[in-house]
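Our numbering puts the first residue of the sequence shown at 19, with every later residue one more than the last.
Not one of these hints is a red herring.
Now the in silico label distances, taken between C-beta atoms and shown as ranges:
#1 Leu40 to Ala205: 44 to 52 Å
#2 Asp159 to Val48: 55 to 63 Å
#3 Ala29 to Asp128: 29 to 37 Å
#4 Leu67 to Val101: 51 to 59 Å
#5 Pro135 to Ala33: 35 to 43 Å
I should point out that these hints are in silico values taken from the structure, not numbers from a laboratory. Cβ coordinates follow ideal geometry from the N, Cα and C atoms, glycine included.
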Amino acid sequence: MGGPDGGLALAILIAMAAMVALPALVLAGVGLLVGRWRAGEGRRGRGGLLGALGGLALGAAGGVLAIWLTFFQDGYDDLPTLVLDAPADREAVYVLEDPAVSTEIRWDGDVGRLAVPASGVVRVRSLGPLATSAAQVQTTDGRVAVGSASTPGPAELGVAQTRCFDFVPFDPAREDPCGAADAQLAARIRALEGR
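The task is simple: from the sequences and hints, build the whole structure.
As structure tokens, then:
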């Protein structure tokens with residue numbers, strides 16, 4: 019969890035732990051109280067213990083469900099699919115939303131198709147569903163995007179949004195093409211476009 023995003027990762031980890039622990043402990047306490055109350059009515063046995071264990075299990079299950087719904091909501095959505103006709107040597111593709119161009123992603127239901135020039139940078143009038151959703155991205159030759167990023171702008175390129183799709187598995191020695199700051203991203207895109 020080192021690096022510039024280490025604090026954010028730690029905060030997310032703490033939030034996820036709290037989302038499981040807090041409901042589990044509260045329901046365990048409620049179960050213990052109900053079990054003891056029932057045992058106080060003349061019933062024998064371990065009502066308090068069983069109530070606490072049942073509450074603990076229900077709380078933990080509820081917490082796991084809350085984590086799933088909060089952090090992994092794209093896992094249960096029908097994601098749009100983008101098929102890129104990209105050059106085989108392209109490790110990353112940049113799709114820029116630029117209202118000044120006429121190129122469009124051809125959508126047929128939830129599947130979009132887009133031709134990518136040799137530069138690996140393509141400007142489109144609108145990102146459509148990609149503007150607000152994660153997507154399954156692949157190339158016509160079968161490569162699947164293993165990383166992606168979305169960022170507003172960079173404004174200096176005259177674009178509203180940039181989506182980057184990386185097709186190379188993570189390698190710590192390789193610079194992440196999708197993880198650059200705005201100024202670096204703008205410079206990289208300008209160089210690829212030959213501007």
